[in-house]
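A.B. asks: Single-letter residue listing:
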Amino acid sequence: MSERFYTKSHEWIAPATGQAGISQYAQEHLGDIVYVEVTALGRDVKKGDTVGVVESVKATSDIYSPADGKITEANPALGSQPDLLNKDPYGAGWMFTLKPAGAFAQGDLMDEAAYQTYLKTITE
Amino acid sequence: MKTTSLYENHKALNGRLVEFAGYQMPLQYSGPIDEHMAVRTACGLFDVSHMGEFTVTGPGALDLVQKITCNDASKLALGQVHYSAFLTERGTFVDDLLVYRRGEDDFFLVVNAANCAKDWAWVTAHNTAGVKVENISDAVSQIAVQGPKAMEILSGMTDVALAPMKYYWFAQGKVLGAKALVSRTGYTGEDGFEIYLDNADAPKVWKELMKRGEKFGVKPCGLVARDTLRLESKMALYGNDIDDAHTAWEADLGWIVKMGKGDFIGRDALAKQKETGITRILKGFVMSEPGIARHGYPVFVDGVEVGPVTSGSPAPYLKKNIGLTYLPVGKSAEGRVIEIGIRGKNVKATVVPTPFYKRQK
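Protein chains in written order, with the numbering used here: chain R, 1 to 124; chain D, 1 to 361.
Everything labelled a hint here was simulated from the structure, so no lab data went into it.
Just so it is clear, the structure is predicted and the values come from calculations on it, not from any experiment.
Beta carbons: idealized from backbone N, C-alpha and C, even for Gly.
Watch out, some of these pointers could steer you wrong.
Stated by the list, open to error - List time: in silico DSSO-like cross-link candidates among lysine-lysine, alpha-carbon distance up to 27 Å:
#, chain 1, residue 1, chain 2, residue 2
1, D, Lys234, D, Lys320
2, R, Lys87, D, Lys320
3, D, Lys118, D, Lys258
4, D, Lys2, D, Lys166
5, D, Lys67, D, Lys274
6, D, Lys345, R, Lys70
7, D, Lys11, D, Lys258
8, D, Lys67, D, Lys132
9, D, Lys166, D, Lys75
10, D, Lys319, D, Lys348
11, D, Lys261, R, Lys87
12, D, Lys234, D, Lys319
13, D, Lys234, D, Lys118
14, R, Lys46, D, Lys345
15, R, Lys120, D, Lys11
16, D, Lys258, D, Lys272
17, D, Lys215, D, Lys234
18, D, Lys272, D, Lys261
19, D, Lys174, R, Lys47
20, D, Lys174, D, Lys234
21, D, Lys272, R, Lys87
As the list claims (entries may be wrong) - Each pair of labels, with its calculated beta carbon distance range:
#, chain 1, residue 1, chain 2, residue 2, range
22, R, Glu28, D, Tyr168, 34 to 44 Å
23, R, Ile122, D, Gly22, 49 to 59 Å
24, R, Glu73, D, Ser155, 54 to 64 Å
25, D, Gly217, R, Glu28, 18 to 28 Å
26, D, Lys319, R, Gly102, 35 to 45 Å
27, R, Arg43, D, Lys2, 44 to 54 Å
28, D, Gly307, R, Glu73, 31 to 41 Å
29, D, Asp244, R, Glu28, 32 to 42 Å
30, R, Lys70, D, Pro290, 22 to 32 Å
31, D, Ala139, R, Ile122, 35 to 45 Å
32, R, Asp108, D, Gly22, 51 to 61 Å
33, R, Lys70, D, Glu208, 55 to 65 Å
One chain only, chain R, in its complex shape:
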């Protein structure tokens, strides 16, 4: 099974750990990230709900939940080191932990291969 699944809005989730964040493509596109906030910490959310915000120097970007569930954790390191999202978006730069409502269902999330294909279609 793919380690990570992706949304069309460039969030990822790793079902094994429940960790989620923004993709490599997203961080490149946003540029220098200077502020991160998980606004839905502690709340039950539905797939597609706004769960946080990532701010670059110039702009703010809403972050959407990749699945239904409860946001149980926010990465504490991002308060003082928001640029971890740029440096290591899949590792130390994880944004939040989502405990799914039931068993994880892929639904319309893309696996790694499908996401890479998707990226090709939007960057041409």
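Starting from the known structure of chain R, arrange chain D on it as the hints suggest.
C.D. replies: Here is chain D on its own, set in the frame of chain R:
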């Protein structure tokens, strides 16, 4: 969509191009923080060719400039430049600009790109004496070289004496053999120069500045860095901090208003307001809780919503989040705690003296 003479240079440097004031302009190259820091510590290059340039020459030139601007152009020596504004009859802003005095009756005006057409219409409408005015914006390119290493990088390329040139003075000469006007001015708060060139000459000057600047750490810089640099130095941006709804006194720009020089458009309104007093004033603040204030976010003083944030962003050099806003005069003292509405939450900020950043001499 227009492009500047440096369009190919920006593409070659992988500049991310966006539409700005009708031109394809680079938003950023290596990244806004990298570019901002390059200007503060080494040198940054900016394509500012989109700016507008007008000339006012011949008989009556000084009188016209005096009538349409609020600063005193009669005090400009030849080779001197000052910051000024076109004001409405209400004493509010049409635009801010630089006024260069090239001769007794020879003035070179540099205006904001976004206001070029509006300013030109305004200047010609007020030129009731038929003074010779020309809009040469499309023929002029401009490169800003900003940072502590700017002089070292530019020195070998020009016959203009840079070391003795004082801040807000200029000279005409040659840069790489091309006709140029070089001024010790800028929109970054660092030492540096703005070079005005014919369009055809700009690409080679840009390339040579990049080449000579390489060992000093020169970086090409885009619009995002331009905005964060000027905000740290508390330089106003038309459309944000100054506009036709706020007077020169309210914008804290009284220092460019010379009431004693004689009549000028807006003088009467400013005189009246001086007597009655202003009720609001432009002030700087720093966020004291996590959060970034941005243009348009609501501002609260003692729980009451006042004007919105006029400019706000992270300050990469200071590593704080800063902004400007109009506050009620009685509630605008340094140290006052205000709140900025960010995504529905009120986040605390403190009023501070400005500029937020001032370079070492």
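A.B. asks: Tell me the hint numbers this structure goes against, listed in increasing order.
C.D. replies: Violated: hints 4, 7, 11, 17, 19, 20, 21, 23, 32.
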